[in-house]
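Asks: Residue numbers (the numbering used here), protein chains in the order written: chain A, 158 to 413; chain B, 3 to 74; chain C, 52 to 274.
Calculated directly from the structure, the hints in this document are not laboratory data. Among these hints, one or two may not hold up.
[Unchecked claim] Computed footprint of chain A on chain C; a stretch qualifies when at least three of its residues, placed anywhere within it, have a C-beta under 8 Å from a C-beta of chain A:
(1) 191 to 205
(2) 212 to 220
(3) 225 to 232
(4) 239 to 250
(5) 265 to 271
[As the list claims (entries may be wrong)] Pair ranges (Cβ atoms, derived):
(6) V184(A) with R270(C): 42 to 50 Å
(7) R96(C) with D311(A): 48 to 56 Å
(8) R270(C) with Q211(A): 48 to 56 Å
Virtual Cβ for every residue (Gly too), placed ideally from N, Cα, C.
The chain contents come next:
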Amino acid sequence: MSSPWFKYASPATFYPLAGRMIPVFWVLAAGLILLGLYWGFFQTPDQLGGTNPQKEYYRIIFIHVPAAWMSMWLYVVMVGWAAVGLVFNTRLSFMMANAIAPTGAIFTFLALWTGAFWGRPSWGTYWDWDPRLTSELILFFLYIGYIALHSAIDDTRRADRAAALLAIVGLVMVPVIFWSINCPDPNQCAALHQRSGLGRIEGNILFSMLVMTFGFLMYSFATALTRLRGIILTREADTQWVQAEVRAEGPAGART
Amino acid sequence: MGPGGGSGRGPSGGADMMEFLNQGGYAGFVWGSYGMALALLVAEVVGLRRQRRTILTRLGRLLRLRTPGGHP
Amino acid sequence: MLKVFWRILTRDLLLAMRRRTDVLTTLFFFVIVVSLFPLGVGTERQVLRILGPGVVWVAALLASMLALERLFAADYEDGTLEQMLLTAQPLALLVLAKVAAHWLLTGLPLVLIAPLVGMQYHLSDTAIGMMMLALLLGTPVLSLIGAIGAALTLGLRGGGILLSLLILPLYIPVLVYGAGAVEVSTVEVADTQPYLMLLGAFFLSSLVLAPLAASAALRISIE
Chain A
158 MSSPWFKYAS PATFYPLAGR MIPVFWVLAA GLILLGLYWG FFQTPDQLGG TNPQKEYYRI
218 IFIHVPAAWM SMWLYVVMVG WAAVGLVFNT RLSFMMANAI APTGAIFTFL ALWTGAFWGR
278 PSWGTYWDWD PRLTSELILF FLYIGYIALH SAIDDTRRAD RAAALLAIVG LVMVPVIFWS
338 INCPDPNQCA ALHQRSGLGR IEGNILFSML VMTFGFLMYS FATALTRLRG IILTREADTQ
398 WVQAEVRAEG PAGART
Chain B
3 MGPGGGSGRG PSGGADMMEF LNQGGYAGFV WGSYGMALAL LVAEVVGLRR QRRTILTRLG
63 RLLRLRTPGG HP
Chain C
52 MLKVFWRILT RDLLLAMRRR TDVLTTLFFF VIVVSLFPLG VGTERQVLRI LGPGVVWVAA
112 LLASMLALER LFAADYEDGT LEQMLLTAQP LALLVLAKVA AHWLLTGLPL VLIAPLVGMQ
172 YHLSDTAIGM MMLALLLGTP VLSLIGAIGA ALTLGLRGGG ILLSLLILPL YIPVLVYGAG
232 AVEVSTVEVA DTQPYLMLLG AFFLSSLVLA PLAASAALRI SIE
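In isolation and in its complexed conformation, chain A is listed as follows:
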């Protein structure tokens, strides 16, 4: 099965491609995040009224929601690459999954932290076992489990595949876990806590949130690809092209 994509399944060809893409992603990330922050602070009302009044602290939303979305999306992507690796037996796919995991964990932690800081002024407590925050906590454990399992196994091949299987099992379980936390009493599970439909969020706020989300997405691309290049160098250290690369970079990586 030959196709242009499989050319890039080789670490050697992907490495320079990633190298060219990374600066683009950094620029996009910086631009979008700055735009999102500016818009979020200066183009939105200071306080919100309505059914769920919020004061200035609601601006935490511009970090909290994008971080949460990213944490979930990155897990799905990670599992995607893990599955590709298991099916097609491509080393690079596993390396990509490994590269994504730490970034995903960081966003999950950030979502939890900002969630607690948002909860304190609005609910009155840092932690409330709110279903969504609790599920986010579980997601954090899943990321940590993936990273821990991978680092506990010395044999790279076994580590890659075991962690991949774990990630897939995790993904299958996530809806069940989320559902059980969200709905601990199946007798009365009709309307869950207020589902804030995206359509009902004020325009400027929604815009900032989306811009920040894309900014974080670009950031994730940049960090994951950077980490991936490091992983490739380490794993393919015995090959000619890596040795040439190392020589070219000079002592202690003069040119980053």
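Start from chain A and add chains B and C according to the hints.
Replies: Chains B and C in isolation, oriented as in the chain A frame:
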């Protein structure tokens, strides 16, 4: 519902800046959140750069060990 | 195929019986943990009644996990597991047999001990009955899902702790609905039906899926 940001830009920048930083009294929470975000993202980036330097140094050292007489 | 299942099941039971202490330590661990809580939390009746179901379930999770390390370890060490991988029999079936043995040795005793615990926590008779039923449905699920973790962490240093880290998040649905069933039974027994159906659903789906995942994990760990 026009733009009502915490600080307006203009000649009376000073007082508005304080207002902006104060975020209606919730400064601790808002800046605590944004601060953590900044800290984490910066830490990740810095960590990655250090990681890259370490890898290159280590591999370079290994390479020089293997080719007697240093690199070409 | 059924013959193979029985053979493996009886073999595991026989081996375990020769080392009875292993089985008993799990059981006593459960009892000790359950007994510790009132000492820490206070012995007031009302408090214990509320805590009871949750504590029992958490203790059941922990006890189940303790025993999981040994699920594949002995066979792995003496090479039997590798032989199992090489046979023509479906690996999932063999895994299922081992998990069944594991449950008979760790899960079932918990179900039988439940009345004692119920007494310690001043639970009503209906609550105790519900607890036994919920444990009966839930502990097999713990063994089944745990097998996946045991297969993934086979032979690793610090495997036990790592196993807990990996498996505990996956145990949450069973915990929520198992404890929930007991709580609700104290109020209105009829309301427990959805809980039991959910637990039943977990049981059936893990019965089918978990051995498949565990055998995939075994192949990854051993080849």
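Asks: Against this structure, judge whether each hint is valid.
Replies: Going down the list of hints, with the structure as the test:
1. 191 to 205: holds (count 3)
2. 212 to 220: holds (count 5)
3. 225 to 232: holds (count 3)
4. 239 to 250: holds (count 4)
5. 265 to 271: holds (count 3)
6. V184(A) with R270(C): 42 to 50 Å: 44 Å, holds
7. R96(C) with D311(A): 48 to 56 Å: 53 Å, holds
8. R270(C) with Q211(A): 48 to 56 Å: At 52 Å between Cβs, range holds.
Of the numbered hints given earlier, the model fails none.
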